[in-house]
Amino acid sequence: MSTAYTEPILDWYDEHARDLPWRAADSTPWGVLVSEIMLQQTPVARVLPVWREWLERWPAPAALAAEPSGEAVRAWGRLGYPRRALRLHAGAVAIVERHGGDVPSSHEDLLALPGIGAYTAAAVASFAYRQRHAVLDTNVRRVLARLCSGEEYPPKAQTKAEVRLAESLLPLDPPTAARWSVAVMELGALVCTARTPRCVDCPVIAQCAWQHAGRPAYDGPPRRGQTYAGTDRQCRGRLLAVLRDAEGPVEKPALDVVWSDPVQRERALDALVADGLVDPLEDGRYALPS
DNA sequence: CACCCGTGGTA
DNA sequence: TTACCAAGGGT
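Using my numbering, the first residue of the first sequence is number 7, and each one after it goes up by one.
What the hints contain is simulated information worked out from the structure, not anything from laboratory work.
Note that the coordinates shown come from a computational prediction; the quantities given were computed from them, not determined experimentally.
Keep in mind that a hint or two might mislead.
If you anchor each label on the Cβ, the simulated ranges turn out as follows [said to hold, decoys possible]:
1. 226 to 202: 16 to 22 Å
2. 226 to 48: 22 to 28 Å
3. 179 to 288: 56 to 62 Å
4. 144 to 25: 21 to 27 Å
5. 173 to 48: 42 to 48 Å
6. 9 to 73: 27 to 33 Å
7. 124 to 21: 28 to 34 Å
8. 117 to 72: 22 to 28 Å
9. 59 to 201: 18 to 24 Å
10. 222 to 21: 27 to 33 Å
Yeah, the Cβ is synthetic: ideal placement off N, Cα and C, and Gly gets one too.
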């Protein structure tokens, strides 16, 4: 479908798109997949250096699959949500086993890989293989909420109506649809931002429902504010950082010193072991998984 | 479906 | 400074 939004946004993208390495002509589907996983809940600026190291070291899924999963966790560094590293490693193994080492191109096969949900499957199919899928991430949801629904923010949980709306806006030609999808995301990332949108630079300000409504403030339920200090997440992060920064296995006391509350510390350590992020050795020491 | 899962930059 | 936010996914 072609709408009044299509051309202005496509043209805007041609002129203002960031020069990101996973969008380069020599990028591969594997590079796109790695970028999408790393970018989940993580800003571009923090992803860039890690992505470069990762692709240099493991230029194809088979290279990563041949290494212990702990190496993926170590290379993940401080990107956060390290289970993503584990799943990316498991994904590489699955790609080798099920797809001969090539990142699959169908949405269904992508969705079956660990750590890949509806968004990431659509993103990889679109950006790596130029297919036509509704790519609905936080940026796109916000842009469509403002542009089409006249609201500052989308609902907390994604609705079917949002999916239908996104699908209805997709250009019919697959390569154009793929370009449209990145373009809307980019618009959300650079112009139609969450906090201080730069509406003066917006290519579709004339068509924006939120603008026409006088930019009413968000009136729904309060948007979550997650405290971090003192949580199990912070504790897990401290514990895993010890293992990441160590050459090999570490003694228990080396973990004990980074968190004072023993109950919480043990709970977090057990959870890390259960998640497969930490390997408790027979001799009582702890290591990244092999 | 609500909650859990890291980390650091910014207003 | 505190609070929000950043290309979500799994359970």
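Now for the hints, and whether the structure bears them out:
no.: 1; hint: 226 to 202: 16 to 22 Å; verdict: holds (19 Å)
no.: 2; hint: 226 to 48: 22 to 28 Å; verdict: holds (26 Å)
no.: 3; hint: 179 to 288: 56 to 62 Å; verdict: holds (59 Å)
no.: 4; hint: 144 to 25: 21 to 27 Å; verdict: holds (22 Å)
no.: 5; hint: 173 to 48: 42 to 48 Å; verdict: violated (27 Å)
no.: 6; hint: 9 to 73: 27 to 33 Å; verdict: violated (46 Å)
no.: 7; hint: 124 to 21: 28 to 34 Å; verdict: holds (30 Å)
no.: 8; hint: 117 to 72: 22 to 28 Å; verdict: holds (25 Å)
no.: 9; hint: 59 to 201: 18 to 24 Å; verdict: violated (30 Å)
no.: 10; hint: 222 to 21: 27 to 33 Å; verdict: holds (30 Å)
Hints 5, 6 and 9 from the list above are not met by this structure, while the remaining hints are.
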